[in-house]
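> Full structure from sequences and hints, please.
Number of protein chains: 6
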Amino acid sequence: MLLSKRINAIGFEYIRGEENHLPIVSAMSEIAGLVSITIAAEYLSNAHGGKGILLGGVSGVSPTEVAIVGTGTAAEFAARAALGLGARVRILGNSPYKLRRLQHHMRQPIFTSLTQPKVLAKALTTADVVIGAIDMNERDEPIVITDDMIRGMKPGSVVIDLSIDQGGCFSTSRITTHASPVFREHGIVHYGVTNIASRVSRTASIALSNILAPILIDIGNAGGVREMLRNDIGLRRGVYIYQGILTNSFIGRRFGLPSQNIDLLMAAL
Amino acid sequence: MLLSKRINAIGFEYIRGEENHLPIVSAMSEIAGLVSITIAAEYLSNAHGGKGILLGGVSGVSPTEVAIVGTGTAAEFAARAALGLGARVRILGNSPYKLRRLQHHMRQPIFTSLTQPKVLAKALTTADVVIGAIDMNERDEPIVITDDMIRGMKPGSVVIDLSIDQGGCFSTSRITTHASPVFREHGIVHYGVTNIASRVSRTASIALSNILAPILIDIGNAGGVREMLRNDIGLRRGVYIYQGILTNSFIGRRFGLPSQNIDLLMAAL
Amino acid sequence: MLLSKRINAIGFEYIRGEENHLPIVSAMSEIAGLVSITIAAEYLSNAHGGKGILLGGVSGVSPTEVAIVGTGTAAEFAARAALGLGARVRILGNSPYKLRRLQHHMRQPIFTSLTQPKVLAKALTTADVVIGAIDMNERDEPIVITDDMIRGMKPGSVVIDLSIDQGGCFSTSRITTHASPVFREHGIVHYGVTNIASRVSRTASIALSNILAPILIDIGNAGGVREMLRNDIGLRRGVYIYQGILTNSFIGRRFGLPSQNIDLLMAAL
Amino acid sequence: MLLSKRINAIGFEYIRGEENHLPIVSAMSEIAGLVSITIAAEYLSNAHGGKGILLGGVSGVSPTEVAIVGTGTAAEFAARAALGLGARVRILGNSPYKLRRLQHHMRQPIFTSLTQPKVLAKALTTADVVIGAIDMNERDEPIVITDDMIRGMKPGSVVIDLSIDQGGCFSTSRITTHASPVFREHGIVHYGVTNIASRVSRTASIALSNILAPILIDIGNAGGVREMLRNDIGLRRGVYIYQGILTNSFIGRRFGLPSQNIDLLMAAL
Amino acid sequence: MLLSKRINAIGFEYIRGEENHLPIVSAMSEIAGLVSITIAAEYLSNAHGGKGILLGGVSGVSPTEVAIVGTGTAAEFAARAALGLGARVRILGNSPYKLRRLQHHMRQPIFTSLTQPKVLAKALTTADVVIGAIDMNERDEPIVITDDMIRGMKPGSVVIDLSIDQGGCFSTSRITTHASPVFREHGIVHYGVTNIASRVSRTASIALSNILAPILIDIGNAGGVREMLRNDIGLRRGVYIYQGILTNSFIGRRFGLPSQNIDLLMAAL
Amino acid sequence: MLLSKRINAIGFEYIRGEENHLPIVSAMSEIAGLVSITIAAEYLSNAHGGKGILLGGVSGVSPTEVAIVGTGTAAEFAARAALGLGARVRILGNSPYKLRRLQHHMRQPIFTSLTQPKVLAKALTTADVVIGAIDMNERDEPIVITDDMIRGMKPGSVVIDLSIDQGGCFSTSRITTHASPVFREHGIVHYGVTNIASRVSRTASIALSNILAPILIDIGNAGGVREMLRNDIGLRRGVYIYQGILTNSFIGRRFGLPSQNIDLLMAAL
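Those protein sequence lines, which keep their order, are chains A, B, C, D, E and F. According to the working numbering, the first sequence is numbered sequentially starting from 635. According to the working numbering, the second sequence is numbered sequentially starting from 635. According to the working numbering, the third sequence is numbered sequentially starting from 635. According to the working numbering, the fourth sequence is numbered sequentially starting from 635. According to the working numbering, the fifth sequence is numbered sequentially starting from 635. According to the working numbering, the sixth sequence is numbered sequentially starting from 635.
A portion of the hints provided could be inaccurate.
Any copy, or any two copies together, can satisfy a pair, since identical chains are not distinguished.
Straight-line alpha carbon distances no greater than 20 Å define the calculated SDA-like cross-link-like pairs of lysine to any residue that follow [what the hints assert, rightly or not]: (1) Lys685 to Pro815; (2) Lys756 to Lys788; (3) Lys752 to Leu842; (4) Lys685 to Gly790; (5) Lys752 to Ser843; (6) Lys752 to Lys788; (7) Lys788 to Phe817; (8) Lys756 to Ala847; (9) Lys639 to Gln877; (10) Lys752 to Gly868; (11) Lys756 to Gly786; (12) Lys685 to Val778; (13) Lys788 to Thr759; (14) Lys788 to Val778; (15) Lys788 to Thr760; (16) Lys756 to Ser843; (17) Lys752 to Arg785; (18) Lys685 to Ser832; (19) Lys752 to Ile845; (20) Lys752 to Ile849; (21) Lys685 to Ser835; (22) Lys788 to Val816; (23) Lys756 to Ser805; (24) Lys788 to Arg836; (25) Lys752 to Glu699; (26) Lys639 to Asn680; (27) Lys788 to Glu819; (28) Lys685 to Arg818; (29) Lys752 to Ile885.
Calculated from the structure, these hints are not laboratory results.
As structure tokens, then:
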């Protein structure tokens, strides 16, 4: 339908900014990372029938263990928040390079491990919280936390799948909603709300408009979308329908529709 | 009734440990301070109809402001947690000495102000969260946050009264329960559950038994409560009924009962 | 005149080093950022008739607020110094990506906001110090702090324009000298000395010679400037007159002179 | 004259607060410590004909060395500020216990040495700035920096004597004024303004009134100064004339006047 | 023999300084704590046939676990060093109050647990290094790490008993020498050199003379040891033979000799 | 011989990963940096006849000085470890850009200087430890620490040459072995074991297999080495013999053998 209306459609999660990064994905990931830890705290507490433990560290009590799987922005902000509350944090990733980069971004030492299945399975047996924060935009191979690994966890522990929008990284994950955000599987609390940032909708809106407002102003200044797209290569990356022609090859393959390259198309038109 | 049964009753919140501090009050305050921030995060989010903001800091969005009134252990741990999530924190206290001591206990600079009514009122107008954490054991004069100060706050902000067990420090505070933990007054969300540490009951139990277990073992080793009380002055401070005689003057005055000094009593018996 | 003498002229602020960065601009920006904060401290104090406040934080007194506009090296070092003295710092920039990168470079959390006019105006009303540190080398669009924003500031506050060499970022800015470094406009103290790093001339000289000395040695080793320029692409970027021919297009346009591309010219000669 | 008027005189620098500390001395020391570093930065720069070096650290340039003699509050805040600007800091004190306590109060490692004359002399030869911050209230023996040590320093270096009100800790120190704050001796810039906190008079006033306002209110509530003095032992320590009778033995000895003990006097009257 | 010579003997480990602390014990404990970690690193490496692991943290490898039993100065400095190398550290102590104080002294979060036998046994199963740093001067009850706990450790792990001078805190501990510093028991490397600080004899000597030199000078100034002892209560605590009379009751009981109270003795003589 | 067997040989130190970095070199450098500091601690102590000083900082004793020459990963990890033990660290490098980048990677301020011969010579006169950690992969020009500089050092100081595998950066360096790791030259202890990471062989093996295991699995999945090399450009960089043909030009030049470009070769075959 979008195609038939000859609409120009831009998917804002594909817009690229300076140094080729994805500004909207990054902003939402910062929020998702922080929010996931406060959600985990809620479901560990007695508030919703959790196992009644504190996410954080107090004197003389063995600290809560938080395992974070992933090395992108969401993982970074989840790690910051968990450390900030006093938890013991372990980051699991599949690239020593990204683990080192993440270490450089933190203000505190963090413990990192490669996601070899054996290590991952062992890390999960002691974790009270597991945050799945695999950043598909880093083009990692999918890390899948298997059913067996989940079964090996301590009862009442909490897993939060921040990759659920992209299919999820726990084999036990299912999409849930803000109205009914969790379910239990193998005794483990699973949280699978997509677009978790909408839980703090006002903050998310400000972060979004921080990025979109200047683009809209620029489109006005440039004299329209077409002129803007000619000059702004990053914005062009976000286009998936241009003048009624599909330009996103991923969607094309998914739905069996023909797609064209936006750069060639603009040169031609 | 307790008196007629000639019971020896010890109130564990009065037991004193090394350097005259109150070990159980401190342990519960650490927990209460940390938990209060994750509760505030929950009620600022959309989860329960809050104003939809993130407790924490993300790039390019003005950070959440957390005002903490008090300078004791609960205030310290609330400040740590709020800073850990990336919020902007201001501590308000009525003693420069205690504010400086608190500053020394933190791993990050914090901003402190004296609780002069004008400063307090102004601080509240920009705060998204106010934690009332006045530590009565420090024998401060009560700081009361007035009805007018609450009215001056931004709608949807959250106040948590950690002093509610001792009467509360907000004039708008009321005792609430885990089943129905909040109410709104002047558009501000109020959380007034007493014994907030019970929200993470398992952690609280471990922290308590860390302190009580050694005392019970010592009582066994000493050959009974009486022998133990002879040697352990700190434990003796916790006694409020000894051999059927009331020894806590505060309770005595409250209920119009005669009370005796435990030290004199033990010397006599 | 330089042209007629067939001189080879190199502007050292254009020399590029590893990963295309500008080593001399960076070194001078580090110094400018640090120095700007000690200058602000001086003009806030009573020493020159200032409003008599301390740039920094002491127990129980609301801290000085420092707003820094910009996200480059000078902004980073100004932020470090202000935080180091105990001030409350807010960074305003027009790119979430650069704000996040700056955050990663700091050892302490900083608060960042996007420079939307409304946010900027509001941030200025509470600031005691504003450092304008827009890094033109990052090719940001100019952020202009308007006359009205300056009028909205608290009287006696201090603004320091580190971008004054490139035209300034406050609409009220004027170039001043070390002999008479400040003027007042709308009750606000303005500091507009160009080349602020010369205030600490010995340190600036060492930093400069750290970069230039190796180049001079290399020129000697290479057998002259021409040979050196053939091999060192970064140094070549700094050339603006080569064998009497203008090679800097910016100067060409400014003075209406023809200019040639240095790379083509060297290939030809 | 004060005596003949039967005035009750209280010296506020002698008032004692919680845990016997001196609240006003502490508040003024925090300010003095911070301010001393920004003054040192000013006199190291070219602004007043200094040697033109930056107080702080930039990449690739050997950092400024700041030696701080003393272990009290002023020393602590001077150290924080100098570290915050990026300088290399060494603390010299005469008590390992106080050096360790100071270390615990900092958020960064600092280097400490005992003030044995040889160590002190050597530390001064490499220092660009020396802050004399001996806290007489800690009843240390006077550490005197001798004429010879000053002669051994690098020309153009800056010494600031924060102990000048109590006689000074450099043998070359002289009292100076805000109008003419420095002099040179042996090529070293000396700063000897007493009551250095008055350089930031507004901040100092707020800090003072933070402490004095509650006392004045308490005097009103108590029904007068005499009643207040009966109950507040800390305030009583500040009294030096009571009902026309000198009660400060230090002033008595200095001026050859008889003095009486305030506690005995109040019991008698 | 000492007694018959009518010598005045002072045991410097008993001398007390400001606020009743033991300056020499503290200084030696700082050194012992730091040194113990570098020794552990040595014995974990292949250098002496160890299990070939790095004491510290590198990207992607699960970090070394260091368990420290104790809460005094040696424990603090061992924890600092282990964290500094990047290890994962857990502190085990028997007082929540001391664990919290230790936490305040660190610049990084540490994880603490109470030394209940079950927790202790479990902590040891995952530890690569155990530092026994129980500070007898804090008058803790002895914590004994049993034979069974040692048996439960991973082969090749290293235990260092810093309490060996006072009898040791591992049931498997034996005194060793710098010439032959370790032995293996249950597959665990044991290090039991007494006076571990002598491994860095020059640093230890400087630290000692920092404390003793001023005392010797004071004795000279005071006109002899007897006069000095009259005025310096802390030094008097260190005396164990005064004018040929034993004044240390601990030694008296140990060797069945009569002893007298030094204070009474000095008053009498 | 390798050539005649038509082996495909891959030198794993040449394999390139994300963003063109060398994963194995980085991993070994992290280990080497950390290990070098614990080795230095050992040789400064009395354990092997060293000068008996502590690598680290204790209250009141001038701290150990550690000079690190280089700005890569090994330098970074050596700096972390030395700071972590409490030493005073100075980094010397020949690029202000890399020194600034290193500063951003640390969690603590470090002092940096450019390696001008005069500065280098002076830095060495006060150093107790010098770590030579020049990262040849950064293609720095060799910095050579001359015989005279070593002669100017304090007797008993320790130098560790982490660049010994690539020829060394001290003119006095010689290759040594784990069996006899040190020799003395001009009174300075020299450590020159190549492949220092093998001192902690188990940790090094895990770090290596973290990188190699996924490659082996990928080779299996890809259907063989040739197929894998077609797709993985980074792995291809590591090939030095392909189908019996030398493809590493560096080895070719060294041994006078003809070599071919791997990319062309694969396109042809």
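> Of all the hints numbered above, which does this structure not satisfy? Sort the numbers upward.
10, 12, 26 and 29
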